[in-house]
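K.L.:
Just so you know, the protein sequences line up as chains A and B, in that order. Going left to right, the first sequence walks through residues 4 to 566 as our numbering numbers them. Going left to right, the second sequence walks through residues 4 to 566 as our numbering numbers them.
There may be inaccurate statements among the hints.
Where chains are identical, the list cannot tell them apart; a pair therefore holds if satisfied intra-copy or between any two copies.
Below 27 Å or equal to it, Euclidean Cα-Cα: the simulated DSSO-like pairs (lysine-lysine) are [stated by the list, open to error]:
1) K187 to K86
2) K44 to K90
3) K17 to K86
4) K90 to K46
5) K46 to K187
6) K17 to K187
If you're looking for bench data, these hints aren't it; they were derived computationally from the structure.
Protein chains: 2
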Amino acid sequence: MQSDLAIARSAALKPLDEVAASMGIGPDLLEPYGENVAKIKLKAVDELADRPPAKYVVVTAITPTPLGEGKTTTTVGLGQAFKHIGKRATIAIRQPSMGPTFGIKGGAAGGGWSQVVPMELLNLHLTGDMHAVTAAHNLLSAMLDNSLHQGNPHDLDLDAITWRRVLDVNDRALRNIVVGLGGKEDGVTRQTGFDITAASEVMAVLALSTSLQDLRRRLGRVVVGYTRAGDPVTAEDLQAAGSMAVIMREAIKPNLLQTLENTPVLVHAGPFGNIAHGNSSVVADLIGIRGGDYLVTEAGFGADIGGEKFFNIKCRTSGLRPDAAVVVATVRALKAHSGRHRVVAGRPLPEAMLQENPDEVLEGAANLVKQIDNVRLHGVSPVVAINAFPEDFASEHEAIRQVAEQAGARVAVCTHFSDGGRGAIELAEAVAEASAEPTDFRFLYPAAASLREKIETIAERVYGADGVDYSPAASRQLDTYERNGFGDLPVCIAKTHLSISSDPSLKGAPTGWRLPVREVRANIGAGFVYPICGDMRTMPGLGTRAAAMSIDLDDDGEIVGLS
Amino acid sequence: MQSDLAIARSAALKPLDEVAASMGIGPDLLEPYGENVAKIKLKAVDELADRPPAKYVVVTAITPTPLGEGKTTTTVGLGQAFKHIGKRATIAIRQPSMGPTFGIKGGAAGGGWSQVVPMELLNLHLTGDMHAVTAAHNLLSAMLDNSLHQGNPHDLDLDAITWRRVLDVNDRALRNIVVGLGGKEDGVTRQTGFDITAASEVMAVLALSTSLQDLRRRLGRVVVGYTRAGDPVTAEDLQAAGSMAVIMREAIKPNLLQTLENTPVLVHAGPFGNIAHGNSSVVADLIGIRGGDYLVTEAGFGADIGGEKFFNIKCRTSGLRPDAAVVVATVRALKAHSGRHRVVAGRPLPEAMLQENPDEVLEGAANLVKQIDNVRLHGVSPVVAINAFPEDFASEHEAIRQVAEQAGARVAVCTHFSDGGRGAIELAEAVAEASAEPTDFRFLYPAAASLREKIETIAERVYGADGVDYSPAASRQLDTYERNGFGDLPVCIAKTHLSISSDPSLKGAPTGWRLPVREVRANIGAGFVYPICGDMRTMPGLGTRAAAMSIDLDDDGEIVGLS
Numbered sequence: 004m005q006s007d008l009a010i011a012r013s014a015a016l017k018p019l020d021e022v023a024a025s026m027g028i029g030p031d032l033l034e035p036y037g038e039n040v041a042k043i044k045l046k047a048v049d050e051l052a053d054r055p056p057a058k059y060v061v062v063t064a065i066t067p068t069p070l071g072e073g074k075t076t077t078t079v080g081l082g083q084a085f086k087h088i089g090k091r092a093t094i095a096i097r098q099p100s101m102g103p104t105f106g107i108k109g110g111a112a113g114g115g116w117s118q119v120v121p122m123e124l125l126n127l128h129l130t131g132d133m134h135a136v137t138a139a140h141n142l143l144s145a146m147l148d149n150s151l152h153q154g155n156p157h158d159l160d161l162d163a164i165t166w167r168r169v170l171d172v173n174d175r176a177l178r179n180i181v182v183g184l185g186g187k188e189d190g191v192t193r194q195t196g197f198d199i200t201a202a203s204e205v206m207a208v209l210a211l212s213t214s215l216q217d218l219r220r221r222l223g224r225v226v227v228g229y230t231r232a233g234d235p236v237t238a239e240d241l242q243a244a245g246s247m248a249v250i251m252r253e254a255i256k257p258n259l260l261q262t263l264e265n266t267p268v269l270v271h272a273g274p275f276g277n278i279a280h281g282n283s284s285v286v287a288d289l290i291g292i293r294g295g296d297y298l299v300t301e302a303g304f305g306a307d308i309g310g311e312k313f314f315n316i317k318c319r320t321s322g323l324r325p326d327a328a329v330v331v332a333t334v335r336a337l338k339a340h341s342g343r344h345r346v347v348a349g350r351p352l353p354e355a356m357l358q359e360n361p362d363e364v365l366e367g368a369a370n371l372v373k374q375i376d377n378v379r380l381h382g383v384s385p386v387v388a389i390n391a392f393p394e395d396f397a398s399e400h401e402a403i404r405q406v407a408e409q410a411g412a413r414v415a416v417c418t419h420f421s422d423g424g425r426g427a428i429e430l431a432e433a434v435a436e437a438s439a440e441p442t443d444f445r446f447l448y449p450a451a452a453s454l455r456e457k458i459e460t461i462a463e464r465v466y467g468a469d470g471v472d473y474s475p476a477a478s479r480q481l482d483t484y485e486r487n488g489f490g491d492l493p494v495c496i497a498k499t500h501l502s503i504s505s506d507p508s509l510k511g512a513p514t515g516w517r518l519p520v521r522e523v524r525a526n527i528g529a530g531f532v533y534p535i536c537g538d539m540r541t542m543p544g545l546g547t548r549a550a551a552m553s554i555d556l557d558d559d560g561e562i563v564g565l566s
Numbered sequence: 004m005q006s007d008l009a010i011a012r013s014a015a016l017k018p019l020d021e022v023a024a025s026m027g028i029g030p031d032l033l034e035p036y037g038e039n040v041a042k043i044k045l046k047a048v049d050e051l052a053d054r055p056p057a058k059y060v061v062v063t064a065i066t067p068t069p070l071g072e073g074k075t076t077t078t079v080g081l082g083q084a085f086k087h088i089g090k091r092a093t094i095a096i097r098q099p100s101m102g103p104t105f106g107i108k109g110g111a112a113g114g115g116w117s118q119v120v121p122m123e124l125l126n127l128h129l130t131g132d133m134h135a136v137t138a139a140h141n142l143l144s145a146m147l148d149n150s151l152h153q154g155n156p157h158d159l160d161l162d163a164i165t166w167r168r169v170l171d172v173n174d175r176a177l178r179n180i181v182v183g184l185g186g187k188e189d190g191v192t193r194q195t196g197f198d199i200t201a202a203s204e205v206m207a208v209l210a211l212s213t214s215l216q217d218l219r220r221r222l223g224r225v226v227v228g229y230t231r232a233g234d235p236v237t238a239e240d241l242q243a244a245g246s247m248a249v250i251m252r253e254a255i256k257p258n259l260l261q262t263l264e265n266t267p268v269l270v271h272a273g274p275f276g277n278i279a280h281g282n283s284s285v286v287a288d289l290i291g292i293r294g295g296d297y298l299v300t301e302a303g304f305g306a307d308i309g310g311e312k313f314f315n316i317k318c319r320t321s322g323l324r325p326d327a328a329v330v331v332a333t334v335r336a337l338k339a340h341s342g343r344h345r346v347v348a349g350r351p352l353p354e355a356m357l358q359e360n361p362d363e364v365l366e367g368a369a370n371l372v373k374q375i376d377n378v379r380l381h382g383v384s385p386v387v388a389i390n391a392f393p394e395d396f397a398s399e400h401e402a403i404r405q406v407a408e409q410a411g412a413r414v415a416v417c418t419h420f421s422d423g424g425r426g427a428i429e430l431a432e433a434v435a436e437a438s439a440e441p442t443d444f445r446f447l448y449p450a451a452a453s454l455r456e457k458i459e460t461i462a463e464r465v466y467g468a469d470g471v472d473y474s475p476a477a478s479r480q481l482d483t484y485e486r487n488g489f490g491d492l493p494v495c496i497a498k499t500h501l502s503i504s505s506d507p508s509l510k511g512a513p514t515g516w517r518l519p520v521r522e523v524r525a526n527i528g529a530g531f532v533y534p535i536c537g538d539m540r541t542m543p544g545l546g547t548r549a550a551a552m553s554i555d556l557d558d559d560g561e562i563v564g565l566s
């Protein structure tokens with residue numbers, strides 16, 4: 004098969020006007036950015052509000068291997084498939100981060116014959132939204148450090164500053180730094196660091212805002228640290244929020260691209276899935292929900308993480324109600340959940356995993372059952388998408404089908420990677436059936452519950468933990484947040500995506516364990532409190548052989564080596 | 004008078020297709036970015052190459068006060084004025100840096116009725132070129148530090164690493180930092196720092212490249228440091244140059260905007276004027292030179308700095324030959340050159356400078372005479388533009404006129420700030436006359452001269468120094484560069500822009516002094532060696548009252564407070 008880039012470049016793109024028209028958006032609502040990308044004006048939210056809403060479908064997954072199980076590819080494949088059964092669909096996904104594109108992971112435009120194009124633009128700057136997040140975030144950082152330099156009028160406690168800086172690059176050397184060295188004019192010396200832009204609270208704000216005014220208000224509420232008396236200091240206090248909103252003024256407009264089969268795709272925002280909620284933007288969905296019969300969106304990582312956060316954070320903010328949830332499963336991931344293999348990113352699969360072995364799939368099936376259950380917990384109909392790989396055996400697909408059906412889910416085997424939308428027709432039909440059922444969507448917890456109640460509800464009901472253990476620091480932080488009036492925010496638990504538990508080595512559906520909450524941070528602007536369970540890396544590094552080393556221009560100025 | 008932003012917002016913008024058509028560029032060469040900005044495809048350089056070239060006019064200035072003397076405003080006013088005398092003009096300027104926009108200086112879109120619009124976009128991200136420079140630069144930084152972390156295969160000398168990081172923000176705390184703290188996986192600990200993006204060598208590469216292929220080659224030649232044996236290590240050695248070029252692939256296309264009077268404006272690249280050459284891009288000029296009767300471009304700071312670098316660096320690279328040079332002069336700057344006043348950025352002028360005093364103007368006139376001479380040194384016809392302010396007196400303008408005419412320059416009083424192009428008709432006529440004269444353009448030095456000969460030629464003939472003193476370090480560095488084969492590069496002297504000398508407190512046209520060269524650095528990728536004379540700040544800071552504190556969105560989502 005051809006490379007993703009070669010397939011993407013062979014695509015017959017439609018003029019974006021036509022793509023927009025297929026979701027009922029006229030040229031007056033478009034701002035072209037180059038030939039094959041456009042921004043959609045924000046007034047589209049209001050102008051389209053009286054159209055009938057599409058069915059709202061979220062694509063989530065079982066607990067993935069470090070290789071990923073093709074969730075974006077399935078999202079794109081499903082979106083493409085609807086056209087094959089006579090339905091109009093819109094897709095909404097996150098913008099890839101440039102850091103991983105040049106690191107190990109590569110881009111995130113889908114793959115094979117289920118891709119978003121132009122993939123070169125999607126995987127690089129697109130319309131600059133990521134850069135705007137970087138600029139807005141770092142302006143606040145500069146104003147914060149400048150405030151310290153100018154005599155610290157806000158009485159900030161240097162040991163209680165939580166705001167760092169961000170860059171969209173995998174740069175391990177920036178994780179822990181000391182700033183303000185040099186002379187008297189060179190700022191106040193203190194330890195801090197950089198996170199990757201996807202980890203910025205400004206990114207989470209972008210993803211959760213419902214309007215430009217809402218974005219402005221959320222930015223004002225961003226807490227950068229605490230005074231020596233323990234009171235929060237905000238971006239508003241530093242008089243930075245207005246300029247930050249000005250910097251974000253274009254970035255809040257969703258980007259329109261298309262798939263290889265010309266299905267409209269909204270690409271907007273790219274928050275992390277652990278320390279943030281890992282979902283594309285609310286405004287993109289508010290527009291996409293008016294675009295036809297189905298809006299297919301993707302939630303980061305497995306149903307325990309991105310899925311739970313989609314239901315309880317994103318839907319709570321947007322007011323939208325999901326009609327169905329796709330749970331992507333693969334033979335290789337279920338074999339890995341048997342606990343018999345070790346899968347490492349950037350390396351080929353162990354030979355033993357490539358043998359026909361439906362029993363091993365069944366041994367790992369507890370993970371699938373639990374993730375189906377995690378969808379049903381929210382009253383949403385699950386559909387299992389078996390993302391087929393060439394090395395799979397029919398008996399292994401059959402094993403997944405049995406387990407899923409026994410758990411009460413619809414099931415479809417998908418070959419959209421090699422066959423495009425045609426390869427996901429069975430899935431589209433199953434999703435159509437599932438979303439035609441009456442919905443009974445419900446949040447897992449009410450906003451009025453205490454922060455501890457929220458954490459414990461998720462830990463016990465979604466993760467299957469026996470309970471939660473708080474470190475003394477975490478307990479103090481929770482008390483502080485409750486006292487500061489942040490107790491009614493949803494919680495966004497930062498834990499590994501490689502296990503339903505907080506221990507990445509535990510496969511399947513672990514039981515008999517307790518969730519350890521090491522510390523609790525708060526993104527007051529974005530609107531969630533995030534307990535940290537385990538080591539969360541917020542700035543990736545490059546390996547010995549970074550993807551960047553193989554990416555170049557050819558003699559015609561075309562990109563080579565990007566994937 | 005209304006604020007710049009209010010005037011800009013009241014502008015009757017023409018569709019960009021029409022603006023492009025007025026410079027002979029069809030819609031097939033345009034890539035729209037939003038409604039009022041477009042990129043011009045790079046193939047325009049070749050496609051337009053057989054059209055007759057426009058007259059090439061560079062706008063430079065006397066030595067400015069810290070307030071600036073309205074060079075961009077005059078560039079825009081002159082460009083607008085040509086239409087009033089029946090000629091077609093194109094303008095080419097640098098992209099403003101976002102750091103100063105939120106700092107003290109504000110944006111750089113011109114002012115009053117001589118502005119480039121939409122000024123909100125120009126002063127913020129525009130099409131993301133600055134962000135692309137930041138991303139390409141910092142990818143190389145990450146790959147460099149990662150190479151150290153992965154066992155330092157290139158045997159880099161940690162004390163001889165010259166490559167830093169960049170951000171487009173005024174952030175004094177980032178000037179001197181220590182990276183690589185934390186644990187073993189968090190990189191190698193070493194001291195380094197951030198410069199503002201305008202100071203990036205990648206920015207200078209963008210500004211001086213003649214094609215995408217040339218940009219790729221220049222990026223490969225970028226030197227990041229030296230081995231323990233003293234050999235240069237390049238971006239090509241680190242296998243970073245290909246990805247950097249991929250990141251810059253869209254950024255190398257010039258941006259098309261328009262003035263308040265619909266004159267086409269190419270905005271492209273924004274290199275610093277001290278440690279870099281301070282001129283907009285070569286590719287923009289290669290396109291703009293085919294756009295009509297006149298191409299008006301601007302060179303940073305005074306004729307001794309941006310002007311000299313325009314002639315000897317930019318024109319040497321582009322192959323274009325200037326036909327006339329405008330020297331912007333103001334009453335306030337010439338009064339300041341009398342040495343009797345102290346002008347401080349962000350504060351009102353001293354009361355004493357606002358009195359009618361043509362004698363004081365004459366006392367400062369030596370600076371004007373010397374800068375006129377600096378233009379003539381290169382065989383180019385000078386035209387003095389007196390940029391009139393409301394507080395000026397006619398007698399003071401008359402004094403400037405006498406001095407300029409005595410020095411053999413044409414002269415025009417301009418009121419384009421308050422009157423738009425109409426206010427610069429006299430200037431346009433004088434420029435038309437000057438550029439109709441036979442040209443005798445010449446470089447100040449041949450490429451084959453030694454680096455020391457080049458430095459001394461500029462110091463003595465342009466700056467009026469008695470000679471050059473090299474520190475021992477500078478001498479060693481010059482020897483190293485000559486030995487490494489960099490001796491045929493032009494030199495780009497980094498010195499204060501507030502005096503023709505290297506001492507910012509010396510006004511007028513200082514004599515009886517020697518130029519002290521403290522150290523010499525090399526931008527091998529961009530293609531120049533830069534001797535450093537005095538303290539050059541490459542990362543600005545914010546003041547107690549940053550512009551960012553006053554910028555915000557109003558209830559309609561429109562920007563307020565931007566200037």
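K.L.:
Each hint: holds or not?
P.N.:
Comparing the hints with the structure gives:
Proximity of K187 and K86 under a CA criterion of 27 Å is satisfied in neither setting, with 64 Å inside one chain copy and 52 Å between copies. Taking CA atoms no more than 27 Å apart as the test, K44 paired with K90 passes inside one copy only; the shortest distance there is 25 Å, against 38 Å between copies. When the C-alpha separation of K17 and K86 is checked against a cutoff of 27 Å, the pair qualifies only within one copy, where the shortest distance is 15 Å, while the shortest distance between copies is 40 Å. When the C-alpha separation of K90 and K46 is checked against a cutoff of 27 Å, the pair qualifies only within one copy, where the shortest distance is 26 Å, while the shortest distance between copies is 41 Å.
Within a single copy, K46 and K187 get their C-alpha atoms no closer than 48 Å, and across copies no closer than 50 Å, so neither meets the 27 Å cut-off. Neither within a single protomer nor between protomers do K17 and K187 lie at most 27 Å apart by alpha-carbon distance, with minima of 58 Å and 50 Å respectively.
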